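As you go down the protein sequences, you meet chains A and B in turn. Its first residue numbered 1, the first sequence is counted upward by one per residue in this note's numbering. Its first residue numbered 1, the second sequence is counted upward by one per residue in this note's numbering.
Honestly, the hints are just simulated from the structure, not real lab data. Please read these numbers as outputs of a predicted model, since none were measured by experiment. Careful, some of the hints might be misleading.
Beta-carbon label-pair distances, calculated as ranges [stated by the list, open to error]:
1. Glu-131(B) x Asn-67(A): 27 to 37 angstroms
2. Ala-633(B) x Glu-202(A): 34 to 44 angstroms
3. Leu-119(A) x Leu-121(B): 33 to 43 angstroms
4. Glu-150(A) x Ala-321(B): 21 to 31 angstroms
5. Thr-148(A) x Asp-341(B): 53 to 63 angstroms
6. Asn-67(A) x Ala-633(B): 51 to 61 angstroms
7. Asp-89(A) x Glu-131(B): 11 to 21 angstroms
8. Ala-321(B) x Thr-189(A): 51 to 61 angstroms
9. Asp-89(A) x Phe-148(B): 35 to 45 angstroms
From the three backbone atoms N, C-alpha and C, an ideal C-beta is built for every residue, glycine too.
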Amino acid sequence: MSESSERAGGQPEEKRRGLGGAIGDLLAPVAGFGVTFSNMFRPTVTEQYPYVRHPTAPRYHGRHQLNRYPDGLEKCIGCELCAWACPADAIFVEGADNTPENQHSPGERYGAVYQINYLRCIFCGLCIEACPTRALTMGNDFELAGPTREGLIFTKEELLAPLTQGMLGVPHPMVEGTTDRDYYRGEVTGPTADQIAWVERERPEDPTLEGARQAAATKAVR
Amino acid sequence: MTTTQPAPTGQVVPLVEVTIDGVRTEVPKGTLVIRAAEDIGIAIPRFCDHPLLKPAGACRQCLVEVATPDREGTLRTMPKPQASCTLEVSPGMVVSTQLTSEVADKAQHGVMEFLLINHPLDCPICDKGGECPLQNQAMAHGRATTRFVDVKRTYPKPLAISTQILLDRERCILCQRCTRFSDEIAGDPFIELQMRGARQQIGTFDSGVLGFAGDAPVGAAELDDSGRPFASYFSGNTIQICPVGALTSAAYRFRARPFDLVSVPSIAEHDACGAAIRIDHRRGVVLRRLAGDDPAVNEEWISDKDRFAFRWQVAADRLVAPLVRDGEDGSGPLVETSWADALDVAATLLAQRRGSLAALPGGRGTLEDALAWSAFTRVVLGTNDVDFRSRAYGGAEEADHLAARVAGSGLDVTYADLDGADVLLAGLEPEEEAATIFLRLRKGVLAARTHVTVLGPYLTRGSAKLRATLLPAAPGTEAEVLEATDTFGASDGDRPRIVLVGERLAAAPGGLTAAAALAERTGARLAWVPRRAGDRAAVEAGLLPILLPGGRPVADESARAEVAAAWGVTPPAAPGRDLAGILDALRAGELAGVVVGGVELEDLPDPAAALAALEAVRAAGGVVVSLEVRRSAITELADVVLPVAPPAEKAGTFLTWEGRPRAFAAVFDTAALGDAAVLGLLAEEIGTPLPDASMPAWRGQRVAAARLDAPAPPEPGPGQAVLATWRLLLDAGRGQDDEPHLAGTARRAVALMAESTARGLGLQGAAEVTVRGPRGSVTLPLVLAGVVDGVVWLPFSPRERAGAAALGAQSGDIVEVTA
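Isolated chain A, as found in the complex (with noise of 0.2 angstroms):
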């Protein structure tokens, strides 16, 4: 430390007598562009930013996401942990029934209105440590500017995680003979016929019902 102070500090005394006299003063005009010209040869650290796009670091805090279980359940029971955590006062959550008409989640409860405000959120991730489903994590997605606020506070629709084939639409009833522990513990892996039913029978139309009928077949065959 103290060596490279004093090299610090000797440095000019040393250039002035070095470059003394009519060439020195010949190179002083562009003597100041010796860091541009020495970074020339460096490596480049500029990201081309939106042409070029670098993947963030795997565990990076971004956008939110509220995940489901294979068979398509939300993982989100409603419990506001998150809000709770949350020391910006970002996120807000109303709990409500499952009933077996309107199963969203397993269990009793589900997350009936879940919103995240953008604006206010300062993703620390003590929502999602919080989360005792491991229903709220966070992406790597972090483009969250927008002309509106109300467009910047999320809602369940666009934080809840798509139905990837062959989940099934939700509500539908758990997997029969099961408890939330079960699915907690992963032993739910996709959909039943007996859900693939009840979802025929409610909502014949639903277009997550061809691709849980195949998922269900190559579960059987296997």
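Given chain A, put chain B in place with the hints provided.
Just chain B now, kept in the frame of chain A:
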């Protein structure tokens, strides 16, 4: 004797010296160790202990180490830790709590671990999570991790005890607070401990759980008059005192979490008891109401109506803007308009007819509203034609009674007086009409300090829970029975006597006179118990044709002078018309208009006639101005409707039946204005600003109470019976709208009569009877009970069927009864 509270008697209780955690203290003999520790600021964890319930020692969480001196005075430690909630202090006792004793601390940790063995730990979805004593104490005193690896005991959940109360037996720690409350306080043991050992659980009567193979129980099962398992009017309190989330309410289920809620203390608006409540709201919506803690009034209990009925204030038919009639001639439909326009229209219409206007302010307002109505009527309308009574009974006798004995009488008989007195209830069914009085009386009765005598047609379940003596009286004969009564109560006059007169007694001519005479004869104090929250305030404000504020008689010149000095305007000297007189005058065209407050058409003596009167006055060019919270039959008839704020949106003071002021603040700061503010604006618009002056109670000569002799009692002919009826706590009232869960706990409507009456009417074995009155008939299941002979009892306006309201008959009228 193990009492939880020192006896409220004057005798000196000797003090006992104990040492708790090294702190020496003196407490009255009989104090529990847990209370003695509380006194010096040492908190011992507990679940089952509740200061208003008897000690149970059920949860064992409050274990402490105790040492007492033996005969030689050497301190000897008890071999095992003791439950401090059941142990009374003794001289020289040395108590070491978890703060100073390893033994106590270890014992409490062990109990906590046992309590959590079968607890599902579903705190994230539990309504109690965040305000749960078990959760808090597990965090404070429990282990960080569980050692229990086996399968927990589970039950199907939740079990609906009633439509409102849900029971989750997995979460229950068997502290028995709910069963003890139901048994000791409410007297409705609708839930009880069942089974033994690990399968022990709380439940309703369930033959499956109890192992009855289709047999009926040997003893008397708790059934109500209608023959179905009992639902309690006080069941909501069990939710509040449950130290875990085992009991939850269907209405509040999963609606919010405690940290979302903003709590505001308030006063219940459904009856004249003035129970303290706590209103919890979130984002401008009231989500639940809890009992407040007020030892002088409701202790820690409220009725289910006070707890669960609050959505009427934001019902879909709530008025948001003033309404006026469309069209030039004012005959069109009601349309919304601005306040400025509505006030202008109303002021013009009223100013043109000044001198021939009346006011019906209703009995639901605060004291401030009532005073504003009183001033508005006298100063702006210039009349004494005002009557707050909007019910089917009560004439000049009641007005005289109120003016002579109630108005300006201040705080006389209080709740505390009811505990430790011989009480006569006349025209009052406290469980249905004044729930807080019921609980206070029952407390005194159970402690053998109070004796209750009930004047009525039969011993109701509520009266039975008060262990009351019945003074049987058919409707219409109340005065006669009271006159024939020389004394009442169980003591020989060593306890004070109190006569509680319900507003229904006014329906029996001479009843109030006889009750007052009886009170005088027996040296009893007399109190009047109305049904509505604003009735007492209305009496104090002089909303009667013969009364001015503070109990001042209209007819007294010096009283008028006092009012004139305060208001700057002399009130009219002639006594005005009462409710019936106003309606008659409207019909006959003697009045050119009326300003109506919170009056429900169905409550008036004859709704059809009242409707006709209002239509007649409008047809004759008169005016009807209505101040209402929600659209009603009267707002539909009005020329101008001015919306007023419900209690949650205004501040004010209710007066309880005792005369105790109960001030409350607004829960929400909205644009809605209270009655007083609206009347003030209207008066200003008319050009006669309302005086803002308070007056002390009248000290001068009071109205002399008229002595009315009882008329001959009704004589039912063949095929007829005398109708007895009153309102139940949970009826089809508009204050309980939008509360389906609460509605499910209402009593089933039945017709009650004595077996002899049924035989005389030829109704032996009939399952249902049809009761016919002048305006209609109702058919209800027949239940034989110990009703006075010749009387049929019907609920007035039950929740799920038509009741006496549909008959067009009042209590004491003769109705036809057929199979």
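Tell me, which hint numbers fail for this structure?
5
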